[in-house]
Amino acid sequence: MALKIVKGSIDRMFDKNLQDLVRGIRNHKEDEAKYISQCIDEIKQELKQDNIAVKANAVIKLAYLQMLGYDISWAAFNIIEVMSSSKFTFKRIGYLTASQCFYEGTDVIMLTTNQIRKDLSSPNQYDTGVALTGLSCFVTPDLARDLANDIMTLMSHTKPYIRKKAVLIMYKVFLKYPESLRPAFPRLKEKLEDPDSGVQSAAVNVICELARRNPKNYLSLAPLFFKLMTSSTNNWVLIKIIKLFGALTPLEPRLGKKLIEPLTNLIHSTSAMSLLYECVNTVIAVLISLSTGMPNHSASIQLCVQKLRILIEDSDQNLKYLGLLAMSKILKTHPKSVQSHKDLILQCLDDKDESIRLRALDLLYGMVSKKNLMEIVKKLMIHVDKAEGTTYRDELLTKIIDICSQSNYQYITNFEWYISILVELTRLEGTRHGHLIAAQMLDVAIRVKAIRAFAVSQMAMLLDNGHLLAGNMQRNGICEVLYAAAWICGEFSEYLQEPNQTLEAMLKSKVTTLPGHIQAVYVQNAAKLYASVLQQNEQAGNKEAAQEITQMLIDKLPQFVQNADLEVQERASCILQLIKYIQKLQAKDVPVAEEVMALFSGELNPVAPKAQKKVPLPDGLDLDAWINDAPSESSSDDESPKKMIFHEEEQRNVRHRQPELDEDELARRREVRKKEQANNPFYIKSSPSSQKNYQDASGVDHIPVVQIDLTVPLRVPGMPLSDQYLKLEEERRQQQKQDRLKKKKKQKKDKGKRRHDSLHTESDEDITPIHHVDIITEEMPENALPSDDDDKDPNDPYKALDIDLDKPLTDNEKLPVRTHRVTEKAPEVEAASIEDKSKKPKKAKKEKDKKKEKEKKKSKDKISKKQKSAENAEHVHAAPEEETVTPTSKAEESEKPTGEASDLDFWLSPAPVQSKSQSEPHSNEVASEPEETLKENKKEEDAKSLKHKKKKHKEKSKEEKKSKKKKHHSEEEAPESVQNGSLDDEPLPPMSNYCLLAEDSYVKMMYDIQGNLQDGSQVVVSVIFQNQSNGYLKSMEFNVLDSLNTKLVRPEGSSIHDGISVPFQLPPEVSNEARFVFTVESIIMPQKLKGTLTFIVKTDDGSSHEKLDFKLHFTCTSYMITTPCYSDAFAKLLESGELKMCSIKVDGINISFQLLLAKICFHHHFSVVERINSCASMYSRSIQGHHMCLLVKMGDSSVSVDGKCSDSSLLGNLLDELKQTLTEKC
Amino acid sequence: MIKAILIFNNHGKPRLSKFYERYSEDTQQQIIRETFHLVSKRDENVCNFLEGGMLIGGADNKLIYRHYATLYFVFCVDSSESELGILDLIQVFVETLDKCFENVCELDLIFHVDKVHNILAEMVMGGMVLETNMNEIVTQIDAQNKMEKSEAGLAGAPARAVSAVKNMNLPEMPRNINIGDISIKVPNLPSFK
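Chain order of the listed sequences is Z and U. Take 1 as the starting number for the first sequence in the UniProt record's numbering and just add one per residue. Take 1 as the starting number for the second sequence in the UniProt record's numbering and just add one per residue.
What the hints contain is simulated information worked out from the structure, not anything from laboratory work. Some clues are possibly wrong.
To be verified - List of simulated lysine-lysine pairs, DSSO-like, C-alpha gap at most 30 Å:
1) Z:LYS87 to U:LYS115
2) Z:LYS48 to U:LYS149
3) Z:LYS48 to U:LYS18
4) U:LYS146 to Z:LYS87
5) Z:LYS16 to U:LYS115
6) Z:LYS34 to U:LYS146
7) U:LYS18 to Z:LYS16
In this text the structure is predicted, and so the values were computed from the model without any measurement.
One chain only, chain U, in its complex shape (with noise of 0.2 Å):
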């Protein structure tokens, strides 16, 4: 079982956060901040496992994290998910997200909090890993999103052009913040299909 997955950037702030066991906001925000301590204080080129998160569950749980560029992505899973299985995972979500969000950025993530959800939810459910396929999961999103425009049909059109012109007049849109390293292939986890 997965028991949390979390995504925060170089200075802790969250991104996303997903917990598949119940725990009040502040437990949570603690949770995060001690993952973030955890995590951050670690080289680039040591192992992506952590063991003894103290908040989430007991010794039988492990972190596993993947640090790209500005982002961490960190999932806690116990004793029943294959380590490098999950390294693989946390691979797959990424691609996914590049591919749905055309070379995703932070910047991605921090605003639209929800399709980054929604992707998640084609991947894991309830703590348990429902699909491992980027082509499945994208065509499912895909068609998610094709009728999510098709009811907002006519309304929605103006909401679209108002937001066009609010993210116009914003200097800090540009994407430049790319996750450069996005698409990194670790040689050792090949055969997941």
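Looking at chain Z on its own, in the form it has when it is part of the complex (with noise of 0.2 Å):
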């Protein structure tokens, strides 16, 4: 044997291995692709051999490919054969090729399931591991919903190293199956305070994991978690859980002030830079949290704005860029404090780390103010020019008009500066954001009407200087500004100084190679600018002049007709017509200059980007309402017609609508607008003429920028434009400086200003804008609605693991257990079949049985959970409640408490401080104590005991449910399912078909026999297992004493005598289900097998061999499957007269008849066909296929059954089941 192992190793050792794969690829660097086409061939024959040693390392070589980018999916089930070998060495290699190409759409990982299972109940915990690692990586819904309970299982391991891997793996399959959430919970909760570390480490992981999509639920931990940060002393645990309460604090302000203490402390103490980081953020979290109205944590602030500037002025890269994070962060809420540390951000900027520019930039965001803005923005330029690499630069770009159009260019207090610095930057070469800066002068322009006479002049400019600057302009997307520049000119004409020129400008044979959108809108603007030079000269009575213009445009057009692009072309000659008519018309003398002008007439408004998303439905309007009669199914004739009439009526609507809505809307706007204006300081009133406006601004006189306005050439050599502003706008201020000063002496009243100046220093608000600004709020329509809905993803995975863990389980959640696939659907169909019925008791009193001993598990772990969070509380507060209440209990029930919230709002609420130091043994100070804080704070105190004692009132009424569970639990009942009610009016007590196996003292057997729907002849008998010793229960077989008729399925190989293991273990009280299948030849007789299990107990002492006897019972119910039958197919069976009939009538009946039907139909497999009064025809079908129909009628505590089925003998062994059931259980 040996010898033959031997010898295929020395066959197999000249095969290519993963070294020689390796050293192969590179030894062929020029002809990589062909010689790894090669290797594939090579592997593919690999894989058609048997030897599982070969195909391993087939599958390594495969991983090692698929790193280089190659698909190896084809080879997924050798993988899973590999997965599948018994030696470690593959099973590893197995499952790392498998977590590095499996993924939910690979078709053949549903065959891991079981292979899977088997991994994880391994004996030897490697192979566990190995499993946990791969699942972690492949998890589908459908691998997390069947293998949930095992790893739950796994999460008691005796070893650590199991233990850590099954806690973490859970948050992959909360993911994938959001049911598993609640059920796993508790435990994993208990986790958080296991004796090892690494697994502790891993719940506190996936705790904030969860935690930090849906805090809300997680509140109620933050005891725990508070309890955990005072006392462990793992930094990564320490990180991990003051990230947590980060997240938790904003939603819970009292939560962070008693984090405030001990993050202060940590700050001083540790030397982790790590942790002292995630403190500093913390920190500020709750501070932003805070921020109203607690005004005294400005020495936090402090302290975190003091170690944040050392981590920036620390030469190590990686604090200095964390610093500057953590500051953007307080900039939200505390700008002034970081404000002062502008140099040191300032100087970032020259860092010559990208990324900590970029940081800089960010916070210079923050940090901007109407003081500073001018200034910032001028070291902005500077390094724009300085930049080299085009991405950095755009960077700046983008934030230079971030910073400057920030809420509602909030900051500037200069326009024209803002407009040349626009112009500036369009020197830009090779930028992508020409249609940035392009947007930003539009804005302005329309929103900023003051400004539009200068905005006009440089637009002017630019489109004289764009021709020739349009070559270089078209590569780099600059030209973008352009389109602007025109747009911007034509609308407001009216302030150009030299129109003819800006035509002449606009009409350049150049333009034409700009490219289409941008000409579009040249022709455009063209035309508007031409209509108003027209009005100008007819004015003037200028007809030579207007006729010459005439003339140009007539001239210069057929340019644009010709072009390439569809708009451009359509415009050009449309216009080109207009004025060849126009023409005709001055040549007559008619006046032309008004009709013309009404072409481009009315003014634009800015609409705000979701103004049309927001339109509210009118009253009375129905969008899902026909507005015509439904569409019959007629021709295609019919339909043309009909969408006319939903046309034509539609415009109407519109054009009824629409005057009205307008001048409502306009209505509101000024309202709005004057209520702004008025609060703002900011504003001044606008006159209505806008031109006029800015000539008659106040103060124009001391300004000198209106020199330079458009007279002055604008490039002084040497100086950039914005900085002759910023200089301009520092006398300015000294001047209104003065001028204030001067006002005061002498309260001289001056018009143009309305503010009052009184007594405050010059600060931003002092600033007063240089124009009369009229910033024109964006329109919304009526009645727009303030919510913002509209960001929410409504495909966010998390969003499903948002689950309140606070409730109590109830009854029908629990993790699946382990099922075949072929028994599933039998639940389904009876569920369906009995849907007039009682649907819901049935389903749950189902699963409610499988997981009963679970369940009380839970609930235990739940109370002493409970019990350790109240000492936890007692613990903090060491409030002296518990003595001094009496229990008025009525009060209490009435008002039902959730039970940890109020937990948490016991601990969070402010203690006194002083009650700590006379704890409870003192019971006479305790006593004299509350009447003091009762006189102070009654209805707080009040408050608290009452919680304090609901709970402990909810633990006892607890403690005697479990007992009360414990005693019913013969009679299978569980008082919840209840609840769940049918849609009878009367509720039907639980039932279940899991009958008792056998049972000792260290094992109890339960069990269920159904058919199986695809397999004739097959039945499943579902046992389950609870552990009830002290011990760990191992090795369990499960064998059967095989009949005739009846066998046990076995794995292919196994003798008959031979067991089947069961596929798990059992750590103490812990419950689980295994299902065997066994066929059966004839299903007319009922039949009883005898069987043993056999199992190993480990407790503490040693281990044991024990054994457990049982006798299965296969009743010839469970050869039924509930199948559900029409009336009209119920009556056709009858009359074809092949079935035999038999009856009982069974006597002293006192059940309500819904109750009967529904035992008949859970206990025996039934549906109901039909139901009169106290009659009803039920059917059922066996799994080979015999009908078997009933008639059950009711009488005076009395039932009769009529039965009718295609074998008699089945039909008669039916009968008494059922008779037997009737009798015995009512």
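Put the two chains together into one complex; each comes in its own frame, and the hints tell you how they fit.
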């Protein structure tokens, strides 16, 4: 034997192994692809061989090729083969490769379920470990559902190595199968206090991930985490917890207050920078959540900022980066404390590290004020010039625009300056952000009326120079700016100084090299410009000039008519014809200017981007209702007229509504704006004419800006335009200051100024904008909803995990226990068939019973948890309520507390600190103290004590419930399921088909038998094993003595005397379910099989072999499958006359008919076909296709059942069983 | 969560790739390439964090990397991970490799990518940090290797012999490309144990 193996491996050793493959690839650098395809062919050959070692070798080579980018999904099945090898070496290779290439779409993945389950329960911890690791990478919803229970069992494994892996993987399971979260959560919580720090850390990890997505559900864990935070020394755990608190504090400010102190301590004491950093981060989060009304936390802010400054000044770039990152968080709420470090941040802009520069830029965004905006932007402009590399320069450009335009241009005092900055930015070569600049130009020109004249002059200049730069611009996208320039010049042509010149510039032949959409704007706006020039000339009575300009257009426009761009072509030819017509009219001396102007009259308003979405539904308009009758299935000829009607109607509607809506809208907007302006010192009411407004602007005489405005050559050599503004602005501000001082002295009334400059020193607000700025707010439809629900992503995978974890588990919430796929159908069919009767209770009952024992344990866990957290709470506060309160139980019961939440409230509520020292033992002191506190805050104290009591009470009632459960265990009762209710008024008691198979002091077995729908010769026996001992049950083997008729299906190759090993182990008090398949030949008779369960009990003292005998009872009922049947089919069946008949009668029945039917349905797998008063017909089918029809009649305390079936002995046996059920259980 | 772990050399050749989210092979290669381009153009003395890997995830994600001699170790993580913590984790990873391969160099990673995967699997599982204690990791790895050896037993001997012979013939095997500064201690990341 050994020789053979050696021989085999000698053959193998000349196969290429992974190292050879790597070496080969390295040696074939020129024709790598060819070499690899050769190797893949070899691998395919190797995979065809039977030897698992060869296969594993091939698979590991595939894993390597996968890394190089080769798709290896074709080998998925071979990978599974290698995974299922019994040798760890190969198994590990299989799982590794699977984890690299399996995903939800891998179709063979469903074949792995059983293999993984087997590996999970393997006695070798590394088999289990390797399976868990692999599964963590490719778990699918199906795998998660099928394996959740097994993994949960592993969470209590004896080895911490397995425990920590099982805990971690639960997160993936939750993601894929959210239903598992609630049942598994108690145990997960338990693991937070695991003795092994690795397991603890894993549990913290999982809960932090969960809580990050849905923090509010985990608030109740805060006390526990608080305890961990103060006790743990593991920095990983601490960091995670502190991060978690950062996510929780926004939801619960009280928590923040509690955290500040320990966090500050940590900041002072820790030497680990990572921990320090996270502490600072969380303190910031706390401060943000407390930002209102907590003035005494300035010390904490100072501490944070100070620590961050140390980080930023550190030579380690990483710390510098993180310091800036955290700084930006403080900035949002406490900009003042950051602004004092402006020097440091500006310094970072010069850093050689781009990441740091970008961070610093982010910070600048929040640091600008009216005062320093110009200065900061100047600095940035210098950087723009210096910056090599377009990405960073583009980033700078966008930042400049962001900084300036933020919160509706809040910080811009001088829009002329801003426009010139924008114009300067157009000189950048190679930027991608031409459209951004263009958008800003348009936005400012439209919304700031006062600036239009200046903007127009600048744009006209751009247009003049545009053709010079057009060649360059075309390549780099900055030409988008010309789009804005042309539009602004056209739209606000009344401000143009020399419209003729601009018009000529717009019609130059160079323009035709611009992109189509820009040319289109050129053409259109040339027409606008023409209209205004025409008007000017006509008003001036200058006919010749008017005709000249018309002629010019007629000469120039044809070049656009031949344009390749359709839009340009269309507009140009349209306008050309129009102008030709105008020329004719002009020749006849008809004044046309008014009419031409009318073409472009009206003002454009900026509309908010979301406005369309927010148009409210008008009253009485039902969008879902048909406007006309719903189209019948008519021919297509019918449809077209209908469509027409639809169109017309819609148009009419619009026409009707438009004017009134507009008026309302305007009135409303005016109102809003007035209010806004009244409240905002920045706004000064504008007079109706914007043009005048600009000229009448207050203090315009003092402002030298006006001089350079249009006449002064715009480029002073050596000094960019915007810098001039900077200078001028400074002068202006000084002047203003002086003015103000003067005014103060003389109390002179200034018409232009309506602001009260009273006592304050120069602050941000004092800087008056240079123009009377009227920023038009964006239009929104009337009654627009303020809500911003548009940002939520409905496909968020984490949304499913938004589950309330504090609610006690209900009975239908459990992890699915192992099931055969085939049998899953049965309950579905069942459920469908009895939909009209009692669907819910039935299902719930079934599941409930399966998991009952487990449930019990969980509730126990919960109670102990509660006690713990209660203790914990007491520990923190040592509040004296316990002795002082006497129960007034009725009041408590009426008000149902949500247990843990009240715990949390209790924990968080600020308890008198001194009571800590005067704790419990001194009862007399305690007794006196409440009186004092009662006087002070009676209510609060009351509430607290009440809660405390409630909690106790709840515990008690739980205890009761638990004992009750134990008592009624054999009757299969669980009170909760009653509330699930049925469609009928009468509630049905819970029922279960699981009956006791055998029981001893170690283990208890319950079983249920169900037919297999797919295979007429098989039934599935589900057995619940419950460990009743303190030991660990393992190596369970289930065996039965086959009869001729009924045989246990054993794995291939085993003899009929071998047992089947139960695929799991049972820790103390845990139960699990296993299923066994039996084949049956004849189903017409009930049958009993003898069997044995052998197992090993492992306790602290050692282990012992045990054995338990049982008898499996296969009733005829167990061969029946609930099948729905319609009444007409049922009638046909009865009429066919092929069925044999038999009847029974049972006396002494005093249950309701409803319950009776439910019982028959549930216990005997029937479905109700029809029910009339106290008479019902029922149907079921055996796995071998026998039809079974019943007619059930209820008389006074007696029931008669007539049955018809194609096999009389089956019918007889079944009726006997039915009779037994009815008599024994009623 | 850790989204991906990549190791590649100074020329962008992948030495290990582990994705904890599903990407097609092509996308994976693209991510590796792009990450390499981002990382490789950075100076030695700049910070180890990078924002804006276009392909993996959104703005929430960061690249955290370290450069050792010829190799880049890159972790792509989201905001639930501590930046400095991950830097330290990379250090632990490299130190563990150093211990398991006895003075690790790029060639070890090239020829034993499976072993590197196995070591990584003891540290990070499904994108979450499993173990950060180097001794614990090494213990588990050793135990598994022992098991592997005992399984190979008699049958494994000839194969080992042959591969030893194969390696002997190879001039390129000298282990001179040591990652010299593999055991740098970052002064600012103490007390992670």
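For each hint, the structure was consulted:
Pair hint LYS87 of chain Z plus LYS115 of chain U holds up; C-alpha atoms about 17 Å apart against a cutoff of 30 Å. For the hint linking LYS48 of chain Z to LYS149 of chain U, the alpha-carbon distance of about 26 Å falls within 30 Å, and the restraint holds. Note on LYS48 of chain Z and LYS18 of chain U: the hinted pairing holds, with a Cα-Cα distance of about 28 Å set against a maximum of 30 Å. Taking the CA atoms of LYS146 of chain U and LYS87 of chain Z, the gap is near 13 Å; set against the 30 Å cutoff, the hint holds.
For the hint pairing LYS16 of chain Z with LYS115 of chain U, the CA-to-CA distance comes to about 18 Å; that is within 30 Å, so the pair holds. Distance hint between LYS34 of chain Z and LYS146 of chain U is unfulfilled; the C-alpha atoms sit about 38 Å from each other, more than 30 Å. A hinted pair counts as satisfied when its Cα atoms are at most 30 Å apart, and LYS18 of chain U with LYS16 of chain Z qualifies at roughly 24 Å.
The structure is inconsistent with hint 6 alone, although it conforms to all the rest.
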